[in-house]
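> The residues making up each chain are set out below.
There are 2 protein chains.
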Amino acid sequence: MTEMNRQFKLVARPVGMVKRSDFEFTSAPAPVPGPGQVLIRVLYVSLDPAMRGWMNEGRSYIPPVALGEVMRAGTAGKVVASNNPKFAVGDYVAGWGGVQDYVLSDGKDITKVDPRLAPLPVFLGTLGMPGMTAYFGLLEVGKPREGDTVVVSGAAGAVGTVVGQVAKIKGCRVVGIAGGPDKCRWIVDELGFDAAIDYKSQDVNKALREHCPKGVDVYFDNVGGDILDAALARMARHGRIVICGAISQYNNTTPVKGPSNYLSLLVNRASMTGMVVMDYTDRFGEAVREMAGWMKAGRLKTREDIVDGLETFPETLLMLFKGENTGKLLIKVADA
Amino acid sequence: MTEMNRQFKLVARPVGMVKRSDFEFTSAPAPVPGPGQVLIRVLYVSLDPAMRGWMNEGRSYIPPVALGEVMRAGTAGKVVASNNPKFAVGDYVAGWGGVQDYVLSDGKDITKVDPRLAPLPVFLGTLGMPGMTAYFGLLEVGKPREGDTVVVSGAAGAVGTVVGQVAKIKGCRVVGIAGGPDKCRWIVDELGFDAAIDYKSQDVNKALREHCPKGVDVYFDNVGGDILDAALARMARHGRIVICGAISQYNNTTPVKGPSNYLSLLVNRASMTGMVVMDYTDRFGEAVREMAGWMKAGRLKTREDIVDGLETFPETLLMLFKGENTGKLLIKVADA
Chain A
1 MTEMNRQFKL VARPVGMVKR SDFEFTSAPA PVPGPGQVLI RVLYVSLDPA
51 MRGWMNEGRS YIPPVALGEV MRAGTAGKVV ASNNPKFAVG DYVAGWGGVQ
101 DYVLSDGKDI TKVDPRLAPL PVFLGTLGMP GMTAYFGLLE VGKPREGDTV
151 VVSGAAGAVG TVVGQVAKIK GCRVVGIAGG PDKCRWIVDE LGFDAAIDYK
201 SQDVNKALRE HCPKGVDVYF DNVGGDILDA ALARMARHGR IVICGAISQY
251 NNTTPVKGPS NYLSLLVNRA SMTGMVVMDY TDRFGEAVRE MAGWMKAGRL
301 KTREDIVDGL ETFPETLLML FKGENTGKLL IKVADA
Chain B
1001 MTEMNRQFKL VARPVGMVKR SDFEFTSAPA PVPGPGQVLI RVLYVSLDPA
1051 MRGWMNEGRS YIPPVALGEV MRAGTAGKVV ASNNPKFAVG DYVAGWGGVQ
1101 DYVLSDGKDI TKVDPRLAPL PVFLGTLGMP GMTAYFGLLE VGKPREGDTV
1151 VVSGAAGAVG TVVGQVAKIK GCRVVGIAGG PDKCRWIVDE LGFDAAIDYK
1201 SQDVNKALRE HCPKGVDVYF DNVGGDILDA ALARMARHGR IVICGAISQY
1251 NNTTPVKGPS NYLSLLVNRA SMTGMVVMDY TDRFGEAVRE MAGWMKAGRL
1301 KTREDIVDGL ETFPETLLML FKGENTGKLL IKVADA
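Heads up: the sequence lines are chains A and B, in that order.
Going by this note's numbering, 160 is the number at position 160 of the first sequence; the sequence numbering is gapless.
Add 1000 to the 1-based position in the second sequence for this note's numbering, that's all there is to it.
Derived by calculation from the structure, the hints in this document are not laboratory data.
Don't take every hint at face value.
Pair by pair, the computed Cβ-Cβ distance ranges are [to be verified]:
1) A:182 to B:1171: 53 to 59 Å
2) B:1145 to A:253: 49 to 55 Å
3) B:1312 to A:206: 42 to 48 Å
Partial selection, computed: residues in chain B whose CB lies under 10 Å from chain A [unchecked claim]:
4) 1141
5) 1245
6) 1255
7) 1267
DMTMM-like, lysine to aspartate or glutamate: derived pairs with alpha carbons at most 20 Å apart [what the hints assert, rightly or not]:
8) B:1257 to A:229
9) A:257 to B:1229
10) A:332 to A:308
11) B:1322 to B:1182
12) B:1143 to A:182
13) B:1108 to B:1282
14) B:1257 to A:226
15) A:257 to B:1226
16) B:1170 to B:1194
17) A:112 to A:282
18) A:143 to B:1140
19) B:1168 to B:1290
20) A:170 to A:290
21) A:200 to A:182
22) A:322 to A:335
23) A:78 to A:140
24) A:332 to A:305
25) A:112 to A:91
Small disclaimer: the values here were computed from a predicted structure and weren't measured.
Just so it is clear, CB atoms sit at the ideal spot from N, CA and C, and this is done for glycine as well.
Isolated chain A (complex conformation):
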């Protein structure tokens, strides 16, 4: 084994936007699996907004990435050496491999994926963490009922696209908030959303009034900031807000902007509830099966935005915060 393992290690806590100098990009020989271990060739690295939070010091739902550690990331790859009877060379697996070419595993933190079910990148998107987040966040926390008006922000992203399509499957009226005419056209024309609001060119408050005349029953929030406030102002009686993320606030150097309109919760007897996808790990299997069925039936479409080359990591990550990706953002590290 003379393959080299390139790694992005976090070496500084970013202030504001992430920059290349927050990482060290190193190269060393790929490790050799010990007893019970497998060596995985990383093929795709998942880029997710939550990664920004993991770079910060402080108590959260998961410990921060330590300085000097390989940056945490979801990955899909192929077993290239195995001392573990449960995995054979050639198996495809998903897990938390990190931003690197090769990773060792004891087999407990990886899951075999079936590439006949869907292309490998889909296991980092709709059939991976973002899809699970959308599925459980919408259905378990948002609890949409047939006929409800569901609004989702970050609607053209990996989570938002699934939230909107699953809400449609459940018989809801769906309004997506996204940035720019291309994304807005795509979620309506291709994904079947009922309407789209372009927050970059439209007054979101006004557009929500127009598209949600009976108010918003479920608002799935990926962005925070002014858009959360606009949704709060339009909540229907007993409406539910799912707090999934706050991408507009992750790179703040000033304190997070709290939602000034939170007293709308009182007026409308509404609720705002946080969710973390890891809480539903036991049920991922059932969700993957149901979503794969919807995909097969053409009711759930996926799109991946794939950038080539591990070495592009810091700049590719920034695409998320600039709103430059459509669908699930991934880095392709190597051919399968």
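Following the hints, put chain B in place on chain A, whose structure we already have.
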């Protein structure tokens, strides 16, 4: 009938703190009941933080008081003339009589109260709207479980005192946040709270860390602002925040301060839910019976802060926003 009816009519939408000039104080002969009507002599006027909201223009859970209208207020009084077979002269009733000496009713918006069950002022406090708000907000929205840590702000007020005592009855550990050493001593020594935090002299963040080492399971918020943020920062996994009011924000001339720490909802899978007491009207009877039982057993104590004279209304109302009352604030209008 030559009695005079004094009335406070709202004539201006207050900017910031309410002032006397926002009202017109008039006097006219008391009205005469028509067919089916009763005339009520108002004996006590309830002063509640929510009144500040009713003075503002705009969509809320209840229409605003119109300019020129008698200021809306809860009242307890005595029937002095009746053309309604359901009410006899001498009956005691509670209702929305407004800030005035006399009020007509068709009998549908008033409830007979039994002065043998409790003194009349208690029907505007613990056995009235504030008590109902505390009871249903805590039990139905907060859903405390035995052993939970419950924190309540405005802890020495009409709602807070009941929230804390009912939480104790339900087997919770209770921490109250109030202003000043007298209130803090009172809620611990007399009402049986486990601890009190004086927000005027203590660092609330630090004190919550100290008094809630396992985090806050239920936070009942009457105040908003920085105290809401401090509670958010200490929420336990799956904690519940009940949004009942935001007295710190009602007289703002700048936008409401949204809770900067709202992403703690995500980290802790916690929720923040608004409540309006009117939604539970059908169940007030059951709550009054249970609470009266606790009062009789000495497990639920009440305290009223009674100011004499209808004419003091604007200044007495301000006591709420200055935190000058302990227990339920009322105006005594006339002797029973």
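> Does each hint hold? Answer for all of them.
Verification of the supplied hints:
The given range of 53 to 59 Å is respected by residue 182 of chain A and residue 1171 of chain B, whose C-beta atoms sit roughly 57 Å from each other. Checking the proposed 49 to 55 Å range against residue 1145 of chain B and residue 253 of chain A shows it is violated: the Cβ atoms sit about 40 Å from each other. Look at residue 1312 of chain B against residue 206 of chain A: about 45 Å separates their beta carbons, and that is inside 42 to 48 Å. For residue 1141 of chain B, the interface hint holds, since its Cβ comes within 10 Å of a Cβ in chain A; the closest pair sits about 9 Å apart.
The beta carbon of residue 1245 of chain B comes within 7 Å of a beta carbon in chain A, closer than 10 Å, and the hint placing it at the interface holds. The interface hint given for residue 1255 of chain B holds, since its Cβ lies 5 Å from the closest Cβ of chain A, which is under the 10 Å cut-off. The beta carbon of residue 1267 of chain B is positioned within 10 Å of a beta carbon in chain A (closest approach about 5 Å), and the interface hint is therefore held. Taking the CA atoms of residue 1257 of chain B and residue 229 of chain A, the gap is about 12 Å. The hint holds against a cut of 20 Å.
Distance restraint check for residue 257 of chain A and residue 1229 of chain B: the Cα-Cα separation of roughly 12 Å lies within the 20 Å cut-off, and the hinted pair is therefore satisfied. In summary, the hint linking residue 332 of chain A to residue 308 of chain A is supported, as the alpha carbons are separated by about 5 Å, within the 20 Å threshold. Restraint check for residue 1322 of chain B and residue 1182 of chain B: the C-alpha separation of about 15 Å stays at or below 20 Å, so the hint holds. Only pairs whose Cα atoms come within 20 Å are accepted, and residue 1143 of chain B paired with residue 182 of chain A is rejected, the gap being roughly 45 Å.
For the proposed pair residue 1108 of chain B and residue 1282 of chain B, the alpha carbon gap of about 14 Å is at most 20 Å, so the pair holds. Our distance criterion of 20 Å between C-alpha atoms is met by residue 1257 of chain B and residue 226 of chain A, whose separation comes to about 13 Å. For the hint linking residue 257 of chain A to residue 1226 of chain B, the alpha-carbon distance of about 13 Å falls within 20 Å, and the restraint holds. A distance of roughly 13 Å separates the Cα atoms of residue 1170 of chain B and residue 1194 of chain B; the hinted pair therefore holds under the 20 Å criterion.
For the hint linking residue 112 of chain A to residue 282 of chain A, the alpha-carbon distance of about 15 Å falls within 20 Å, and the restraint holds. The straight-line distance between the Cα atoms of residue 143 of chain A and residue 1140 of chain B is roughly 19 Å, inside the 20 Å bound, and the hint therefore holds. A C-alpha spacing of about 15 Å is found between residue 1168 of chain B and residue 1290 of chain B, which places the hinted pair at or below 20 Å, so the restraint holds. Pair hint residue 170 of chain A plus residue 290 of chain A holds up; C-alpha atoms about 13 Å apart against a cutoff of 20 Å.
For the suggested pair residue 200 of chain A and residue 182 of chain A, the alpha carbons sit about 12 Å apart, so the restraint of at most 20 Å is met. For a cut-off of 20 Å, the pair hint linking residue 322 of chain A to residue 335 of chain A is broken: about 28 Å separates their Cα positions. For the suggested pair residue 78 of chain A and residue 140 of chain A, the alpha carbons sit about 33 Å apart, so the restraint of at most 20 Å is broken. Restraint check: the Cα-Cα separation between residue 332 of chain A and residue 305 of chain A comes to about 10 Å, which is no more than 20 Å; the hinted pair holds.
Only pairs whose Cα atoms come within 20 Å are accepted, and residue 112 of chain A paired with residue 91 of chain A is accepted, the gap being roughly 7 Å.
In summary, the structure is inconsistent with hints 2, 12, 22 and 23 from the numbered list given earlier, while agreeing with the others.
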